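With chain A fixed as given, assemble chain B onto it according to the hints.
Protein chains in written order, with the numbering used here: chain A, 1 to 480; chain B, 1001 to 1488.
These are calculated hints, taken from the structure and not from any lab test.
Just so it is clear, the structure is predicted and the values come from calculations on it, not from any experiment.
For every residue, glycine included, the Cβ atom is placed at its ideal position computed from N, Cα and C.
Worth double-checking, as some hints may not be accurate.
Sample of chain B residues at the chain A side, in silico, Cβ under 7 Å [stated by the list, open to error]:
no.	residue
1	S1019
2	E1022
3	H1026
4	C1080
5	W1198
6	M1200
7	I1201
8	F1230
9	S1235
10	R1320
11	V1324
12	R1325
13	A1365
14	Q1377
Quick look at which bits of chain B chain A covers, simulated, 3 or more residues with Cβ under 8 Å [to be verified]:
no.	segment
15	1307 to 1317
16	1357 to 1364
17	1398 to 1410
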Amino acid sequence: MSWETVIGLEVHLQLATRSKLFSGAATAFGAAPNTQACAIDLALPGTLPLLNKAAVEMAIRFGLAVDAAINPVSVFERKNYFYPDLPKGYQTTQLAHPIVGPGHLDIELADGREKRIRIHHAHLEEDAGKSLHEDFHGLSGIDLNRAGTPLIEIVTEPDLRNAEEAVAFAKKLHAIVTALGISDGDMSQGSMRFDVNVSVRRPGEPLGTRTETKNLNSFRFMERAIAKEVARQIGVLEDGGRVLQETRLYDGDTDSARAMRSKEEANDYRYFPCPDLLPVHVAPALIEQLRASQPELPDARRARFVAEHGLSDYDAGQLAADTPTAHYFEAAAKASGDPKLAANWVMGEIAARLNSTETAIAACPVSPAQLGGLLQRILDRTISNAIARQVFDALWNGASDADAVIEAKGLKQVSDSGAIAALVDQVLVANPKQVADYRAAPDDKKAKMFGFFVGQAMKASGGKVNPQQLNALLAARLNG
Amino acid sequence: MHDLTLAQMCHGLARRDFSSAELTRHLLERIGAANPRYNAFITMASETALAQAAAADRRRAAGDAPALCGLPIAHKDIFCTRGLRTSCGSRMLDNFVPPYDATVVERCAAAGAVVLGKTNMDEFAMGSSNETSYYGPVKNPWATDCVPGGSSGGSAAALAARLVPGATASDTGGSIRQPAALCGVTGLKPTYGRVSRWGMIAFASSLDQAGPMARTAEDVALLLQVMAGFDERDSTCLDRPVPNYAATLEQPLAGLRIGVPEEYFGAGLHPGTERAVREALAEFERQGARLVAISLPHSGLAVPAYYVIAPAEASANLSRFDGVRYGHRCADPVDLRDLYMRSREEGFGDEVKRRILIGTYCLSAGYYDAYYNKAQQVRRLIRQDFLDAFANVDLILGPTCPNPAFAFGAKGGDPVAMYLEDIYTIAANLAGLPALSVPCGLVDAKPVGLQIIGNYFDEARMLNAAHRYQLATGWHQLAPPALTETAA
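Excised from the complex, chain A in its bound form (with noise of 0.2 Å):
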């Protein structure tokens, strides 16, 4: 009998606000330890949180793009439990009164179907600082520069039922959160990470005890978590034994899970709403206001690349889901007069160069505008695709537009009929064999050796000769 898995997901996401969530410190990432924590971060006496606004709208701009209740009222409560990356004694968090109600995401599953996900909610809370165990000869050190940073922690219902359904969900919230602006989204600095909770069942039963593993900060690693407790977990029933409800540590580099606490380990944290902090109260105004300026999403914009730029449902999907990607793909299409070569472009040449050098498409050496030059001297047949390349190369590595590069370099494409037929002369006349083969071979045999001649033809030209007339001329002299 078969085992169903069910998956509830909790994501951390850092809002891309300047000040912290209570604090005017800024938030910037990778400062020297300790130099972006203010008295209020280090909980001096007598300080006082002040709610940051641009946070409670970042929230609010996430709810709006789930279709999630914006609740009029919530309320910060504290979260006490002692840790030295924890200046107050307790983090200032929502509980009973999150400001995201429910709401739901789509998404799209192997087989192109689509699934809803409902969202239980999603509440602002403030980050801890962090404690760096290493370097420090056996002493632990304390960096609360993090201290402070608004989070959005966003709460799945358990309707997730595999490994690439929580990466799907993960995906589709990065590009919304990005597309939104809220959060940088960079997972290799902490921005986004996520909590996994998981449980097997036999189909139609009750669900199963689930663990959570806890602090995720990639897609891969919370596939490969998700499997390993998957695996583990019916292991453990299919030998007759009982899943414990505990938090669990996954580590990526070895790839393995190990059990931080159980249940019983678990700390009373003993909320109650922060005397600090007044209700946060959200005049319908406001989600009006937010609601009419909320930037285009993934699934909007895909569906305008294919009604404004013809292209394929697939590549609008693939250049609709990365924000800069898409913003680079108009500029690039604007720039350039034909979107569908640009698409191609940017998902071929581009993106496999910004992979194997590992640069941000925000990086990328090539602008828009110089990748729509070069694209303009393809359409109007000055260079022919394999001498773009070349061209895209110089571009790569500094040179300033594709017309300077053409020219200092002599790649203008041969279209003179009578320089073509010069060259086509040249290549018959030192392949006499080769003419009389082709001559004498049956018509199917043809096409594969007229290959032949023309790759001697480009290569006598330096590839810049215009391919169409090389074909037309070509097929003449030697058909004819």
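Here is chain B on its own, set in the frame of chain A:
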């Protein structure tokens, strides 16, 4: 000079009868001589005080004299003062020098005040007798074997002993009014949200409120004028205009409706205190006020509700004192747990630990509804009692405390008996209402206080009533006998 009120000093400075430097030097000398007897100050700021006084004198000479220009005051040691140790009466913060000023401190400084030092208090403002201070108890200038009240006992005693003419204080369950009553001075707890809590070390955030103490209602009005007002750094501070309190001080009281709650005159009230309060009520009647018998039916629930809510909030507020970033840290911790346990064990006194334990218990899984939620419900009932009462009356009057100052150690073994000293003061904190205490008589040769509770943001009317009462009576002018004997 030290017998002058703030208002009188202000006139003296304006007439150039004396300079702020002279006044400051005189009071510093007086404190130097008397503080060993009263223990009213934890930390002195003599050097900076003299510099501030000199600056104030120059400012006045240049024709720029803001409200408190050159007037000496003291801050309760619960207010953070930049560069000046702020202990909150605790060993935990014995070494803590804040890098910033509380809003109250900032506003007083901007108004030209001269800060003589930081006054003693119950540890983290948890106490009604000043016996919980790490720096030893303050002695009541009226009877040095008696408590001055708490937690603002240092500010109250310093005022009574004529060491300072005005002081800041804070009130979570009576910490301004009760010591004001026991030391024979005037103290006001403003409406919750009237004065910023920024930089005031938190005890119970939803109840804490900063306020002024002085020897007259007129002086209290002067200080409140400076302290009150919106501060965006405190989200619970309300953005409402601050009226001119001095402008309405002298208004006649004819037609004033005064509510007299039957629950404030029941069992446990010292007959001497009751007599003094009844006489004060008669004086208001003489001035044209009308007494209205009222009921605040949930008064009896105030103390139990308070001793759930205040410790619950305190248990979280005091978690930051963990020995990691500042404050007391135990010697040679072997690991994190040891660091936490011993730093807090050594840094906090017994009463603070008791309240952290109570609060932690009340918030724990399985007890939250029975205690914290229930207490919040009671809080709403108490607030409703007052709203109902204020539909028919302008002010509510009664005793500030049941008894005059008690002897040191008298209630040491019984925390609940101590908590009951705040039986009349706590409700105003739970409801967020303003309340003040004025001296209204002597019982056993020790002062007792009349409490005036007002409607939200009605401090002007309360100060008006208190001032008119003080114009007609002399209780606020009485000095502790020991003082006049010394002077003679």
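Hint check:
1. A cut of 7 Å between beta carbons decides the hint on B/S1019: the least distance to chain A is about 33 Å, and the hint is violated.
2. With 7 Å as the threshold, the beta carbon of B/E1022 stays out of range of chain A, its nearest partner Cβ sitting at about 33 Å, so the hint is violated.
3. A distance limit of 7 Å between C-beta atoms decides the matter here; for B/H1026 the minimum to chain A is near 31 Å, and the interface restraint is violated.
4. Restraint check, B/C1080 versus chain A: the minimum CB separation of about 5 Å is within 7 Å; hint holds.
5. Hint status for B/W1198: holds, given a least beta-carbon distance of 6 Å to chain A, under 7 Å.
6. Annotation: interface hint on B/M1200 holds; nearest CB of chain A at approximately 6 Å, less than 7 Å.
7. At about 4 Å, the closest approach between the beta carbon of B/I1201 and any beta carbon in chain A falls short of 7 Å, and the interface hint on this residue holds.
8. Checking B/F1230 against chain A: minimum C-beta separation of about 13 Å lies over 7 Å; hint violated.
9. At a threshold of 7 Å, the smallest CB-CB gap from B/S1235 to chain A is about 5 Å, leaving the interface hint in force.
10. Evaluation of the B/R1320 hint against chain A yields a held restraint, the C-beta minimum of about 4 Å falling below 7 Å.
11. With a cut of 7 Å, the hint placing B/V1324 at the interface with chain A holds, because the nearest CB-to-CB distance is about 5 Å.
12. For B/R1325, the interface hint holds, since its Cβ comes within 7 Å of a Cβ in chain A; the closest pair sits about 6 Å apart.
13. Using the Cβ-Cβ criterion of 7 Å, the hint placing B/A1365 at the interface with chain A is satisfied: the shortest such distance is roughly 5 Å.
14. About 14 Å separates the beta-carbon of B/Q1377 from the nearest beta-carbon of chain A, more than 7 Å, and the hint is not met.
15. Proximity of the segment 1307 to 1317 of chain B to chain A, defined as three or more residues with a beta carbon under 8 Å from a beta carbon of that chain, is established by the 4 residues found.
16. With 3 residues having a beta carbon nearer than 8 Å to a beta carbon of chain A, the segment 1357 to 1364 of chain B meets the requirement of three or more and the stated coverage holds.
17. For a cut-off of 8 Å, the count of residues in the segment 1398 to 1410 of chain B with a CB near a CB of chain A stands at 0, and the three-residue condition is violated.
Of the numbered hints given earlier, the model fails hints 1, 2, 3, 8, 14, 17; all others are met.
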